[in-house]
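> Chains as they are written, first to last, in the working numbering: chain D, 32 to 144; chain S, 30 to 142.
You can take every hint at face value.
Have a look at the derived ranges for each label pair, beta carbon to beta carbon:
hint: 1; chain 1: D; residue 1: Gly47; chain 2: S; residue 2: Ala142; range: 42 to 50 Å
hint: 2; chain 1: S; residue 1: Ser98; chain 2: D; residue 2: Thr38; range: 44 to 52 Å
hint: 3; chain 1: S; residue 1: Asn86; chain 2: D; residue 2: Met58; range: 17 to 25 Å
hint: 4; chain 1: S; residue 1: Asn96; chain 2: D; residue 2: Lys45; range: 42 to 50 Å
In case anyone wonders, no lab produced these hints; they're calculated from the structure.
Given the structure is predicted, the values throughout are model-derived calculations rather than measurements.
Built from N, CA and C at the ideal position, the CB exists for glycine as well.
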Amino acid sequence: NAGVTQTPKFQVLKTGQSMTLQCAQDMNHEYMSWYRQDPGMGLRLIHYSVGAGITDQGEVPNGYNVSRSTTEDFPLRLLSAAPSQTSVYFCASSRGTSYDEQYFGPGTRLTVT
Amino acid sequence: DQQVKQNSPSLSVQEGRISILNCDYTNSMFDYFLWYKKYPAEGPTFLISISSIKDKNEDGRFTVFLNKSAKHLSLHIVPSQPGDSAVYFCAASATSGTYKYIFGTGTRLKVLA
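Turn these sequences into a full structure, and let the hints guide you.
Now the structure itself:
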């Protein structure tokens, strides 16, 4: 199993550009989520999904969109990048209940200039 | 409003001694707690968890203690090893809720050889 994979590993965007961060898992997990990690702020939940076709907002959803058309994939879209979105982004998955630990991808480091 | 707090940003401990990392939470609906370990340039990895029906859970050198009345949990590492040097995050979840895992801000542990 590859586990949770994220692409790209690094990305530089100009303000106003759009892009999609890719996340895929091969563990047949129902639950997937996106976090951003910023210095002094820990990991903050952006959006999450409890299954294909079902998504919901986390703590910091503004400026981001998600969709979940398959169990395996959970892309995160930035519609108009802003410097405040400079961060490290982590995707995670778990079997589906709140008693399960999450498996994290290696992260995407995004810089918006 | 930070629902999960780790008030010590960093901690240094001598090799072989005990490391104690602390975490406080404010939401009384949280009933499942997890600790994750993160090395630089990697995603977090699950370490240990505890349900609110317990007050202690052990796994090798790692023990998590939960004090529900104080809304406080701690991770003990005995004995500490240089390979334990990493950032540690606590996370909380309300199992009857919406499958959100809320993370703390992290504590950077440095184990000195």
